[in-house]
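Protein sequences, first through last, are from chains A and B.
Here my numbering = 1-based position in the first sequence + 298.
Here my numbering = 1-based position in the second sequence + 16.
Hints are computed from structural coordinates only; laboratory data are not their basis.
One or more of the hints may lead you astray.
Only some residues are given here: those of chain A computed to face chain B with a beta carbon under 10 Å [what the hints assert, rightly or not]:
(1) I336
(2) P337
(3) F407
(4) G494
(5) V496
(6) S497
(7) A498
(8) A508
(9) I512
(10) D566
(11) G570
(12) Y571
(13) E615
(14) R616
Among the chain B residues that face chain A by a calculated CB cut under 7 Å, a handful are [claimed, not checked]:
(15) V116
(16) A139
(17) E222
(18) A224
To list a few chain A residues with every Cβ distance to chain B over 12 Å, as calculated [to be verified]:
(19) V332
(20) D346
(21) Y468
(22) A490
(23) E493
(24) T573
(25) E617
(26) E649
(27) V708
Ideal Cβ positions, reconstructed from N, Cα and C, are used throughout, including at glycine.
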Amino acid sequence: MTDLLVRGGRVIDPSRGTDGLADVLMRDGRIEAVGRNIPAGPGTSVLDAAGKVVAPGLIDIHVHLREPGFEQAETIASGAMAAAAGGFTAVCAMPNTDPVTDSQATVGFVLRQATRAGKARVYPIGAVSMGQRGEQLTEFGEMVEAGAVAVSDDGKPVASSHLMRTALEYAKTFGIPVADHCEDLSLARGGAMHEGLVSARLGLKGIPSAAEEIMVARDIILADLTGGRLHLCHMSTRGSVELIRRAKEKGLRVTAEATPHHFTLTHDRCLGYDTSAKMSPPLREAADRDAIRAGLRDGTIDCIASDHAPHHYDAKEREFDDAPNGIVGLETALGLAIRELVEPGILTLPELIALMSTRPARAFGIPGGTLAVGAPADLVVLDPSCRWVVRAEELHSISTNSPFLGETLVGRAQVTVVAGQVVYDCSDCSDS
Amino acid sequence: MTAPSPPAALPALGKDLVGLEPLSAGQIRLILDTAEPFKEVSERAIKKVPALRGKTIVNLFFEPSTRTRISFEFAEKRLSADTVNVAASGSSVSKGETLVDTARNLEAMRIDMVVIRHGASGAAQFLGNRIRSNVINAGDGMHEHPTQGLLDLLTLRDRFGRIEGLKVALCGDVLHSRVARSNIWGLLKLGAEVAVCGPATLIPREFAELGVQILPRIEDAIAWADALNVLRLQLERMEAGFVPSLREYNRVFGVTRRRLERAPRDLVILHPGPMNRGVEIDSDVADGPFSVILPQVTNGVAVRMAVLYLLAGGAPDWRSPAGGGAGKPDD
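Based on the sequences and whatever the hints tell you, model everything.
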């Protein structure tokens with residue numbers, strides 16, 4: 299294996315609180331050295347990062363890669379490629395595939411496909427319940443042994459409070475978090491968007507913020523009861539942010555994520571019945587979006603996750619009520635985060651990188667998120683000021699369901715390195 | 017030198033009529049004004065003008081409808097259009113064809129206009145965005161039913177001589193009502209005061225942000241309004257738990273003669289139909305002297321003729337259509 303030297307970049311490593319010009323030398327898939335003027339030995343590949351930012355590879359703990367079962371929308375290979383193109387060196391794949399990732403065998407399948415793809419690392423998330431039916435716990439122990447890093451019934455909430463309690467308790471044995479999609483289905487059922495003025499105008503059944511907040515509150519109470527590790531997926535309301543803030547003040551083991559679309563867009567985007575703005579949880583109000591931003595800034599929300607949700611091109615080409623939820627997000631997450639959070643001064647670039655690498659790695663207990671010597675040689679060279687236009691034909695994902703097509707984003711991954719190997723190189727693509 | 021008159025094909029309304037929300041007050045008035053002379057066509061012995069001769073129109077009904085479909089069909093026939101009715105149960109739609117495929121097939125048949133009734137909010141706009149033909153919304157989910165809103169406006173204008181300054185209360189299941197939404201936009205744009213009244217489970221409180229008053233009791237609406245538009249309460253609402261029983265609904269929210277007798281002024285009563293007599297409205301009110309429920313139906317044909325005519329590119333002077341003499345008025 300040849301050495302790789304990334305030379306002359308601004309190296310930001312939130313795990314060690316460092317930010318400055320340095321070289322990074324990688325050897326045998328590990329970080330070998332970080333420092334000034336590291337000499338390139340014979341046979342060392344050199345990557346010039348002058349004028350660029352070098353950071354730990356981004357980590358997205360919430361993606362849907364659709365394989366097995368929905369390969370017309372995405373495969374593990376295409377999703378891992380899209381991840382690399384977005385600057386991600388690792389993603390965590392949700393289990394709502396067909397069949398559901400609810401056993402040692404299905405966890406192993408995801409890992410094998412990811413290895414074959416050889417792009418970003420893919421960590422499987424196992425289901426909480428068999429078939430995500432909300433009844434019987436899956437074999438957490440066997441799934442963890444096979445490589446699962448968390449459990450979740452995402453796409454669906456864990457509706458039964460008893461099941462959620464037992465999941466939080468049982469998961470403690472294996473040190474993994476239980477990630478919940480918080481939605482009270484009796485309030486949300488049949489809803490197509492956020493309940494508010496826009497839904498009233500459009501005549502669409504709304505999903506009140508209370509549908510999320512009730513479950514966030516329940517889960518926090520159960521985390522308190524059990525001492526289990528709770529992770530709250532895609533938080534979308536100001537009430538949820540407040541509940542998490544109080545839970546953290548109390549010292550509970552709770553982490554939370556927010557998506558780029560929830561810190562960027564509001565329910566106004568649904569006007570005109572634009573199905574590319576249909577999500578679960580739905581896009582909410584400006585005050586909610588602002589609360590998410592504030593939560594990211596003050597640490598209430600631990601990480602940014604894309605909830606990458608590919609759908610075949612004609613699945614969204616239908617009535618709003620019948621269109622599926624979700625958007626692709628791996629390739630737009632960084633550019634949106636810099637445009638929406640760093641440019642307006644809500645976060646510094648090192649703070650953003652922490653929310654997209656170091657902190658998600660810690661939340662799910664996975665390697666990476668650091669450039670410490672001996673850590674996996676997963677890093678990204680990014681141009682934080684590159685302005686580029688999102689074009690469907692340039693996305694690596696099989697699906698292009700995104701409300702951001704045609705928009706100009708700020709900041710883009712140029713080179714993505716996984717285990718010391720370049721898996722994505724766009725150092726000559728520029729349209730700034 | 018006089019300024020050239022605008023070409024007849026200039027669309028006064030745009031390509032489609034998906035709702036009253038996107039229309040200006042001027043556009044709404046244009047439709048109402050255009051409907052006036054069309055009223056007279058329906059009073060003739062030979063109820064036909066050639067304004068849409070050679071135009072093909074598909075009435076695409078994904079939900080059962082008697083009144084609206086027949087009203088559109090009469091409007092189309094009285095304008096001499098060729099029409100085809102497609103009911104969802106008798107078409108490939110029931111075999112699972114998507115709306116976008118249905119749209120493409122209609123497009124391929126080179127039809128001029130589509131009148132669509134669909135259970136999903138936004139279906140009319142969806143279709144309009146994908147085909148070149150004009151699309152008229154005949155009711156989409158809980159969104160809008162613009163021709164119903166227009167015929168309600170026309171009926172109010174007939175009765176009061178104006179819309180501006182009128183106080184109109186929409187009573188009942190506002191939450192699920194496309195009629196309510198079209199009325200709210202039309203009335204607000206023409207300068208009326210609008211209130212909604214019904215059980216809080218069926219009133220979207222966000223409408224207050226549009227300048228609509230929310231009146232909790234039917235007695236408040238009766239005391240306040242010049243006209244009540246009484247919305248149909250569908251049986252499913254009871255089953256879904258929005259109201260405990262139809263009996264209680266009538267006792268608390270029903271428009272009854274006893275309640276109307278306490279009104280400070282005579283109220284005009286509208287209902288978009290079909291009525292649940294004895295639920296949201298009592299028979300002696302529906303059949304009483306202040307009911308304009310049947311004039312609403314008559315006006316429905318005239319308003320739909322006006323919409324079809326204007327969307328087809330007709331200039332407001334329809335009495336002298338190009339290429340056909342039979343359209344001359346009798347007098």
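These are the hints, each one checked on the structure:
{"no.": "1", "hint": "I336", "result": "57 Å, violated"}
{"no.": "2", "hint": "P337", "result": "61 Å, violated"}
{"no.": "3", "hint": "F407", "result": "32 Å, violated"}
{"no.": "4", "hint": "G494", "result": "6 Å, holds"}
{"no.": "5", "hint": "V496", "result": "8 Å, holds"}
{"no.": "6", "hint": "S497", "result": "8 Å, holds"}
{"no.": "7", "hint": "A498", "result": "4 Å, holds"}
{"no.": "8", "hint": "A508", "result": "14 Å, violated"}
{"no.": "9", "hint": "I512", "result": "18 Å, violated"}
{"no.": "10", "hint": "D566", "result": "13 Å, violated"}
{"no.": "11", "hint": "G570", "result": "7 Å, holds"}
{"no.": "12", "hint": "Y571", "result": "3 Å, holds"}
{"no.": "13", "hint": "E615", "result": "5 Å, holds"}
{"no.": "14", "hint": "R616", "result": "6 Å, holds"}
{"no.": "15", "hint": "V116", "result": "5 Å, holds"}
{"no.": "16", "hint": "A139", "result": "5 Å, holds"}
{"no.": "17", "hint": "E222", "result": "4 Å, holds"}
{"no.": "18", "hint": "A224", "result": "9 Å, violated"}
{"no.": "19", "hint": "V332", "result": "53 Å, holds"}
{"no.": "20", "hint": "D346", "result": "48 Å, holds"}
{"no.": "21", "hint": "Y468", "result": "36 Å, holds"}
{"no.": "22", "hint": "A490", "result": "8 Å, violated"}
{"no.": "23", "hint": "E493", "result": "8 Å, violated"}
{"no.": "24", "hint": "T573", "result": "9 Å, violated"}
{"no.": "25", "hint": "E617", "result": "4 Å, violated"}
{"no.": "26", "hint": "E649", "result": "36 Å, holds"}
{"no.": "27", "hint": "V708", "result": "30 Å, holds"}
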